[in-house]
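Visitor: One line per chain: the protein sequences are A and B, in this order.
Residues in the first sequence are numbered consecutively from 1, following the numbering used here.
Residues in the second sequence are numbered consecutively from 1001, following the numbering used here.
Derived from the structure by calculation, the hints contain no laboratory data.
C-beta atoms are modelled at their ideal positions from N, C-alpha and C, and glycine is treated no differently.
Hints are not guaranteed to be accurate.
[As the list claims (entries may be wrong)] Calculated pairs, SDA-like style, for lysine to any residue (alpha carbon to alpha carbon, straight line, at most 20 angstroms):
(1) A/K22 <-> B/W1037
(2) B/K1046 <-> A/R21
(3) A/K53 <-> A/H202
(4) A/K142 <-> A/P43
(5) A/K53 <-> B/W1037
(6) B/K1046 <-> A/R370
(7) A/K22 <-> B/A1047
(8) A/K22 <-> A/M1
(9) A/K22 <-> B/D1048
(10) B/K1046 <-> A/L70
(11) A/K53 <-> A/P43
(12) B/K1002 <-> B/M1051
(13) A/K53 <-> B/E1053
(14) A/K142 <-> A/A48
(15) B/K1046 <-> A/T54
(16) B/K1046 <-> A/P43
(17) A/K142 <-> A/A174
(18) A/K53 <-> A/M1
[Stated by the list, open to error] Footprint (simulated), chain A over chain B, 3 or more residues, beta carbon under 8 angstroms:
(19) 1003-1010
(20) 1040-1047
[Stated by the list, open to error] Taking CB as the label site, the calculated pair distances span:
(21) A/P352 <-> B/E1012: 33 to 43 angstroms
(22) B/A1016 <-> A/E267: 46 to 56 angstroms
(23) B/E1053 <-> A/A138: 30 to 40 angstroms
(24) B/D1036 <-> A/A61: 44 to 54 angstroms
(25) B/V1052 <-> A/A138: 46 to 56 angstroms
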Amino acid sequence: MDPIVIIGTGLAGYGVARELRKLDRETPLHLITGDDAVSYSKPMLSNALASGKTADHLALASAEDMGRTLHAVVHSHTRVTALDIPGRRLRTERDEMPFGHLVLALGADPIRLSPEGDGAEHVRSVNDRGDYARFREAIAGKRHVTILGAGLIGCEFANDLRRAGYAVAVVDPAPQPLGRLLPPQAGAFLRQRLERSGVRFHFQCTAQRIDRDGARLAVTLSDGETLSTDCVLSAVGLRPRTNLAAAAGLGVGRGVRVDRCLRTSAEGVYALGDCAEVEGLVLPFVMPLMAAARALGATLAGRPTPALYPAMPVVVKTPDCPTVVCPPLAGSSGAWQETEGEEGVTSLLRDPAGRLLGFALCGDATAEKRRLAREIAPWLAAN
Amino acid sequence: MKRWVCIVCGFEYDEAAGLPDEGIDPGTRWEDIPEDWMCPECGVGKADFEMVEAA
């Protein structure tokens, strides 16, 4: 039997492996990763401090445990250098590995800005558990952290660091947190609550220079202000890892292009998770990843199954202002209607016919998220 | 009554509260939730939940 090979051991790689093994315990299965193959949950990185967890606590299972549970060979610390699709094999730094079916679960890279100054090379990003361990070491015993980016990840880290007692500054070119994901009242509400918890925002700004200043860093903003900080964390966005796929001639857009059955342009080669563009959708969140993993697991077990995506709201883990966003699909146009109470904001986006296209909820309004999500047309419906 | 937490996203299921807007009545024990139920916030299955030990 030709083996199934999965590149990547994040939630996507291990997720599809687990779903496959529920249906097929026989077909040889290999997983390859450049990291230590320890299973962990990436969403938990941005609230680990408040939960009292270190990077070690975040480890769920070792490579050996995963190999045993999955009845699979897990190749850790192994980088894939090229895909030879006609030859049905991949090349690593040391070796070659044949495949019958190949799954790309490569994830995404943090986007890195390039400010001037000799401190720029000390800017950190946290995209996996290893990065997180290094980040925690870097801030141990320190006082002030500057976060570049007030998106989902930036706001979650800001809240987590504040709750752990750090002074936190957040820099973003947008006028409000979560940028265009929130209409103005919801954005103002979230901003106020996070400011009340002590987060210092610098909106409509970028970091022009980052200079070393003894053991600290000096961040010069485009508005002229200079921040003195112990650590700069970059959270400005993610770019799907498409190089391996592109070099092998697979169709690539913003992500590795796949159809709703997670099939790339090459037969027997699939992609899912943060690296994938599923019928035009790049959704770096767990819920669509799990829908894709279930569908692909069944497909690999011999039952071709399309992924179906209902509207899937995203929970922003900012305990000082619970927030849920359910953005409209690209190309939808509508009008926002915002209702503010003492303890929350409900913002609904409707089209001219009154259909709900999306929403944003803050504070106690988040209790409505499931009911509202059911009113929205599926993001990827059955054909 | 017990609480169960999703190890992937942190969502907590509280047996006393249930999940009424998903048709799970307050008081529904974990064992009585269907096996194909998914975490309402991230979509993982029951196998990815842990019981929270009372302090």
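Visitor: So is the segment 1003-1010 of chain B in contact with chain A by the C-beta rule, three or more residues under 8 angstroms, or is the coverage claim wrong?
Guide: holds (count 4)
Visitor: Under the criterion that the straight-line Cα-Cα distance not exceed 20 angstroms, is the pair A/K142, A/A48 satisfied?
Guide: holds (17 angstroms)
Visitor: Going straight from one Cα to the other, do A/K22 and B/W1037 come out at no more than 20 angstroms?
Guide: Given pair A/K22, B/W1037 holds - Cα atoms ~16 angstroms apart, limit 20 angstroms.
Visitor: Does the alpha-carbon distance linking B/K1002 and B/M1051 stay inside the 20 angstroms limit?
Guide: holds (7 angstroms)
Visitor: Does the structure keep A/K22 and B/D1048 at a Cα separation of 20 angstroms or less?
Guide: Within the cut-off at roughly 14 angstroms; holds.
Visitor: Given the hint that B/K1046 pairs with A/T54, does the C-alpha gap stay at or below 20 angstroms?
Guide: violated (25 angstroms)
Visitor: Measuring from beta carbon to beta carbon, are B/D1036 and A/A61 in 44 to 54 angstroms?
Guide: Distance hint for B/D1036, A/A61 is violated at roughly 23 angstroms.
Visitor: Quick one, are A/K53 and A/H202 close enough, alpha carbons at most 20 angstroms?
Guide: violated (29 angstroms)
Visitor: Hinted pair, alpha-carbon criterion (20 angstroms max): B/K1046, A/P43. Please report holds or violated.
Guide: holds (18 angstroms)
Visitor: Does A/K53 pair with B/W1037 here, judged by a C-alpha cut-off of 20 angstroms?
Guide: Violated, because 28 angstroms separates the two Cα atoms, which is more than 20 angstroms.
Visitor: Mind checking the alpha carbons of A/K53 and A/P43 for me, to see if they're no more than 20 angstroms apart?
Guide: holds (13 angstroms)
Visitor: Just to be sure I understand the hint, the distance between the Cβ atoms of B/V1052 and A/A138 should be within 46 to 56 angstroms; is that true here?
Guide: Cβ of B/V1052 to Cβ of A/A138: about 31 angstroms, so the range 46 to 56 angstroms is violated.
Comparing the model with each earlier hint shows violations of hints 3, 4, 5, 15, 17, 18, 24, 25; every other hint is respected.
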